[in-house]
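Novice: The two chains are supplied separately, each in an independent frame; assemble them into the complex guided by the hints.
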Amino acid sequence: SAVISQKPSRDICQRGTSLTIQCQVDSQVTMMFWYRQQPGQSLTLIATANQGSEATYESGFVIDKFPISRPNLTFSTLTVSNLSPEDSSIYLCSVGGGDTEAFFGQGTRLTVV
Amino acid sequence: AQSVTQLDSQVPVFEEAPVELRCNYSSSVSVYLFWYVQYPNQGLQLLLKYLSGSTLVKGINGFEAEFNKSQTSFHLRKPSVHISDTAEYFCAVSDLDGANNLFFGTGTRLTVIP
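Going down the list, the protein sequences come from chains A and B. The numbering used here applies: residue 1 is where the first sequence begins, and numbers increase by one. The numbering used here applies: residue 1001 is where the second sequence begins, and numbers increase by one.
With the rest of the complex left out, here is chain B (with noise of 0.2 Å):
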């Protein structure tokens, strides 16, 4: 089975600073791992997606992370951050039996502080 961890809960920053938020995984498969982000009010968006191949994956609106697999972690960062990017984002796996569904983290709300 899959478990996803957002140790963050909430995550307040400034504009114009860096964000990291943190996600870890565990699974007894190999995985496919995604961030999707949820503005208020709207349904949940990809944001970007780690499937093979390179382990720093570039999203949209300057968003990018980095899969680990010795630490089993898959963080997402931006290296500035604007008023729009007030956000719940989480953190995703799904593994490779083809099941399909997404087992998702608790979420991480990102406030943005003029």
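Just chain A, same shape as in the assembly (with noise of 0.2 Å):
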């Protein structure tokens, strides 16, 4: 199993600024995952953070809006760029998967004004 501490867990923003999400894992990993779950929605993968490498995004995703490091296996950050109202979502980071249970973090409620 995997725990994944996820930080902030909500956040309220000005239109035009970012939010950076950190997420943590308590085990070393190779492929951390980031989606966005808009509300009333499911989940949609934003992209893929592998250590070592640029990310991979999803259709639909950007570098510019959605910036992701990956320093190390343990540890990965997602940021949302030049915030809009239609940002508002949560955010959740993952791991595993496959034939793997997937771990989710607990999730970053971001609401923009």
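Nothing false has been slipped in among the hints.
Here are some of the chain B residues that sit facing chain A, going by a computed Cβ distance under 8 Å:
| # | residue |
| --- | --- |
| 1 | L1044 |
| 2 | L1051 |
| 3 | F1090 |
| 4 | G1107 |
What follows is a set of in silico ranges between Cβ atoms, one per label pair, in the way DEER data are often shown:
| # | chain 1 | residue 1 | chain 2 | residue 2 | range |
| --- | --- | --- | --- | --- | --- |
| 5 | A | D99 | B | F1014 | 35 to 45 Å |
| 6 | B | S1003 | A | S53 | 24 to 34 Å |
| 7 | A | D11 | B | P1040 | 13 to 23 Å |
| 8 | B | P1040 | A | K65 | 28 to 38 Å |
| 9 | B | T1072 | A | N82 | 34 to 44 Å |
| 10 | A | S9 | B | S1028 | 30 to 40 Å |
| 11 | A | F75 | B | P1040 | 22 to 32 Å |
DMTMM-like, lysine to aspartate or glutamate: derived pairs with alpha carbons at most 25 Å apart:
| # | chain 1 | residue 1 | chain 2 | residue 2 |
| --- | --- | --- | --- | --- |
| 12 | A | K7 | A | D26 |
| 13 | B | K1049 | A | D99 |
| 14 | B | K1058 | B | D1095 |
| 15 | B | K1058 | A | E101 |
| 16 | B | K1058 | B | E1016 |
| 17 | B | K1049 | A | E101 |
| 18 | A | K7 | A | E54 |
| 19 | B | K1069 | A | D99 |
| 20 | B | K1058 | B | E1088 |
| 21 | B | K1058 | B | D1008 |
| 22 | B | K1058 | A | D99 |
| 23 | B | K1049 | B | E1064 |
| 24 | B | K1069 | A | E101 |
| 25 | A | K7 | A | E86 |
| 26 | B | K1058 | B | E1020 |
| 27 | B | K1049 | B | D1008 |
| 28 | B | K1049 | B | E1020 |
| 29 | B | K1058 | B | D1085 |
| 30 | A | K7 | A | E58 |
| 31 | B | K1069 | B | E1020 |
| 32 | B | K1049 | A | D26 |
| 33 | A | K65 | A | D11 |
| 34 | A | K7 | B | E1088 |
| 35 | B | K1049 | B | E1066 |
Hints in this document: simulated from the structure, not taken from any laboratory. C-beta atoms are modelled at their ideal positions from N, C-alpha and C, and glycine is treated no differently.
Specialist: Here it is, written out as structure tokens:
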């Protein structure tokens, strides 16, 4: 199993600013995943973060808007840049998957005002 | 590419009644199938998964699901629900190409009525 510590748990941000979300895992993992859960909707994969290489972004998500860092095998950050009200969502990091259980952080609830 | 369809966005059911939450998927390759539950103000938790073998899989909290390859379905069932089962339920698939990322359905909100 894996325990994921994600912070902040929630934040209220002004338009045009940025928010950086941190995700700490209690074990070394190759891949970490960042998801967005918009109000009343399902989780959508933003990107996959591999240590030592550029993150891989899904269609509709770009690095300029969602820069990701992966400095080591237990930590990653996601920044949501140039915030607009449409960015108000829950953002989650995850590890595992494939044929094993995926573990999720508690999520970061972002409200943009 | 994979996609997951959960036809029922909300399912109200009385306590101790049976429930079925439907999930259909489409994929050009073989997949792994999962059900996750999200209790209010909590993170996602794995209920059960199908990787291979027996098509009927049992999970936590008395839930089970049956994989039907011909109908590309993975419906979740429980014979008798409790108030504590009120939550959002997500069906998800992961293909076998090693990417490990999950594709989620839009979720079904199960509300158990006393």
